[in-house]
Amino acid sequence: MTQSSPQHEIGDGTNRKPWESGDIEQFIARLRIYRDERHVADHPFTRSIVSGEISREGIVNYLGQFCVYVERGGKAWLPWLMGNIPVGLEFRQAKNVMLDNLYGEFHNPADHVDLLLDMAAKSFDADKEALYHSTLLPETIAFMRIEEHYAHDTSWLEGVVALGFGLETQSPRYFEEIRRGLKLTTGLKTPTTTTCTLRRTLSTGTA
Amino acid sequence: MHIEADIEHGDSIEVLMRNYTRPEHREAIWKAATESIDAYQLWHDGLFRAYVSGKRL
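Residue numbers (numbering that gives the first Met the number 0), protein chains in the order written: chain A, 0 to 206; chain B, 0 to 56.
Some hints here could point you the wrong way.
[What the hints assert, rightly or not] Simulated pairs of lysine-lysine, DSS-like, Cα-Cα distance not exceeding 30 angstroms:
(1) A/K74 <-> A/K16
(2) A/K182 <-> A/K121
(3) B/K30 <-> A/K74
(4) B/K30 <-> A/K16
(5) A/K182 <-> B/K54
(6) A/K94 <-> A/K121
(7) A/K127 <-> B/K54
(8) A/K94 <-> A/K182
(9) A/K182 <-> A/K74
(10) A/K94 <-> B/K54
(11) A/K94 <-> A/K127
Please keep in mind that the hints were generated in silico from the structure rather than gathered at the bench.
I would like the entire structure built from these sequences, with the hints used as guidance.
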């Protein structure tokens, strides 16, 4: 299912690692390729939602995993990450867009946990209280630990790259696929504004 | 609108990556991005096992 991810050499026969050659534009372009080849919108789990292979219970449990991930994960890490961004950072517009995006994850009226719980309750008649206290899968815990490490234990730029570039930039296509699948298979009448807001939740847990 | 914001957000991250990734940072930045991307995939592997294939049930 998942492609292995060795830090493979670039294909020029020079045994150089992908970060060892080229300029910064080539470096970023390689990272885009790496991400796009492993895009979660194309993952078999996402495809199972689009094709209707997954049960209602599976979808509800998935929303529960995301809910807990956001509540215990993203909401804990983002303040660390935001606090580590240097005060004197240049490129103010870029910084402001990023901070606004991070802050929006838990800013009323679009607190992403509330949005998730409301959607699960209205669309799937799920028990919000039970969902809020979902038991995490081992893979969810492992994922959270890795993102916590980058948000908390590394430089601000590594944290921004891990959570922002690695996860957040996958959100538009990922969540569009989820929404398309739910509409096709369940007749879900979820407003675009809600699902588009949730795209963050369904991406970084800050998502 | 939010999707447009995400695209803008992605562009902003690349602006910061482009201007703050010194040559000596590249390995760490590469690993931050790729390990996070891989972790996201592995999480979805787990979701698939738990809720689709039934291998965890």
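Checklist entry - Okay, which hints does this one fail, numbers in order? => result Violated hints: 1, 6, 8, 10, 11; rest satisfied.
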